[in-house]
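Trainee: What follows is each chain in one-letter form.
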Amino acid sequence: MESTPNSFRNQPDERGHFGDYGGRYVAETLMPLILELETAYRAAKADPAFQAQFDDLLEHYVGRPSPLYFAERLTEALGGAQVWFKRDELNHTGAHKINNCIGQILLAIRMGKTKIIAETGAGQHGVATATVCARFGLPCTIFMGATDVSRQQPNVFRMKLLGAEVIPVTSGAATLKDAMNEALRHWVANVEDTFYIIGTAAGPHPYPELVRDFQSVIGREAREQMLSRTGRLPDLLVAAMGGGSNAIGLFHPFLDDADVKMLGVEAAGRGLDREHAASLAGGAPGVLHGNKTYLLQDEDGQITEAHSISAGLDYPGIGPEHAWLKDIGRVEYTAVTDDEALDAFQLLCRTEGIIPALEPSHAIAAVAKRAKEMDRDAVILANLCGRGDKDIFTVADALGVEM
Amino acid sequence: MNRLSAAFAKGRPAFVAFITAGDGDTAANLDALVDGGADVIELGMPFTDPMADGPAIQAANLRSLGAGTTTRDVLMIANEFRERHPDVPLVLMGYANPMIRRGPEWFAAEAKGCGIDGVICVDIPPEEDDALGPALRAEGIDLIRLATPTTDAARLPAVLEGSSGFVYYVSVAGITGLQQAATDSIASAVARLKAATDLPIAVGFGVRTPDQAAAIARVADGVVVGSALVELCDRHGAHAPEHIRALAASISEAVHAAKREPA
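Those sequence lines, one after another, are chains A and B.
Residue numbers for the first sequence follow the UniProt record's numbering, beginning at 1 and rising by one.
Residue numbers for the second sequence follow the UniProt record's numbering, beginning at 1 and rising by one.
Where hints are given, some of them may not hold.
Facing chain A, according to a computed beta carbon distance under 8 Å, are these residues of chain B, among others [stated by the list, open to error]:
1) Phe47
2) Glu80
3) Val170
Sample of chain A residues facing chain B (criterion: CB under 7 Å; computed from the structure) [stated by the list, open to error]:
4) Val26
5) Arg185
6) Lys261
7) Gln302
Worth flagging that the hints you see were computed from the coordinates, not collected in a lab.
Owing to the predicted nature of the structure, the values given are computational and were not obtained by experimental measurement.
By construction, the Cβ of each residue, glycine as well, lies at the ideal position given by its N, Cα and C atoms.
Only chain A is shown next, with the shape it has when bound in the complex (with noise of 0.2 Å):
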């Protein structure tokens, strides 16, 4: 283990590695088109007129800041720890993925870019990146597996609704990571006119680094409410992960509070001795999709599917500034499997009245198993990432229950 750094905020270095891990692998092709990038955002990043268009579109039209918000209920229920809510949800399009889609869009019309594409797995990134496109006039195109496609029917219609070009991808397993592919191979193509929004604190750099900083709201709001609310920090964050951008938008701004401890979810899937896509519980260092990270591969570096009930989470990479914050023991990262995902997903609905995505509803999970470990005076703010009104039909399914 390396020694304890003064601060846990800044990473990446100037090569874009967080520890070992991050950095820019990709084809020379893409090479100059990350530099250019990279140039742009630091530009940005320090111009107040990008910041203030930025803040302005997340208050007025994504509707920020999001409550932090008291679970009595489920506090009494699980009786333990109080359990606070940062209410991404209730963001315009249901998630937390719009905040990164504002930024990168804002970014691609200050470099010049005049057509949008993205990856998808769920859908809920790609309706993201179709909104702020409609929203701002840009062709949007949509790489999404097809398999996805198939079982994500009503998100493929609200891209289409909103004017995106979705194209199933069928190389590979037809999934997320295949729809990554295409998007890259499509972007190699048409690096002159064409930006790719990520939909995730991964890729080559900067994207970990620029998405981590658009996600950084959602900690430094909720540091602020819980000050303002409480008089004090919590105890513990809590947070699912599939690439990580929701949970490192929570953790980053808490990085160097000490006494607050962070947990990262990943799915277990059907067990992490069987399907899962937990890549930090159960992967190893490798180099995926631009970034070194830990993976899900076999011992000749071959990438395996990742499985989880939650298609947000079922990619088998994760960000590379969460490799890094697990080797140091920033953070403690845990698994939940579909099963206790489920559970957690009916707990909330009946004891809070909300109806919680699946990614979130891991979080939940471990929030129910941690509660009951601590005092009552204990405090644990988990990030509520997205609405389950998109999850409904596969719960049904799971509950076997017909709709």
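Since chain A is already given, all that's left is putting chain B on it; use the hints.
Mentor: The following block gives chain B in isolation, referenced to the frame of chain A:
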């Protein structure tokens, strides 16, 4: 003079041929390429996520992995090739993850032991050279970098620094096997590269026919053909070697006969 530099010093343009390891009877396919006159062989290491490849080579990767090809199989194919063809340069081409999975030193040592002359890794740009480059150089294996139409003058020195063997010029901003660039733009790009390095320049991506190959051979030191050969593995199955031999022969004849245009 090593095998690779010798292949580019025959006083004529070189034909560089690519096929994917483990896709069909690879030993027979490789022998067919040599019989057909290929000067340099690129052996593709299959990967589940070949992000820079078009449909033909993607499918070849999946066929190979579907048949159970492992890294050890690829190395064994290389080793047996080296025993049969002591003088034909052999280059492994693929993606970072399978190459570094057991550590770059392991990979470099194994490759050396199998008589590999050079390595092309699509997704390790000079910025991430540490991931593989030092281990290859320590074994005396050439790291062959890619230059592309987007590689500008400011970047080119970084790409060439630490490159050896030859430089692979990717003639189009895109993926393998699809469109071909205009010969004029290739000629000016090769001239730009030539002004910056003494290494031979081989040009690939989208080269499918003897005529296309000959046009490029007039302005470059070598021509790379991949997808058109790989498609023959798919189309002809067990009979692929005879078709590969025929296409290789017609391309190598066209390439070798091409008269170099004055720069």
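Trainee: Sort out which numbered hints this structure fails and list those numbers smallest first.
Mentor: 2, 6
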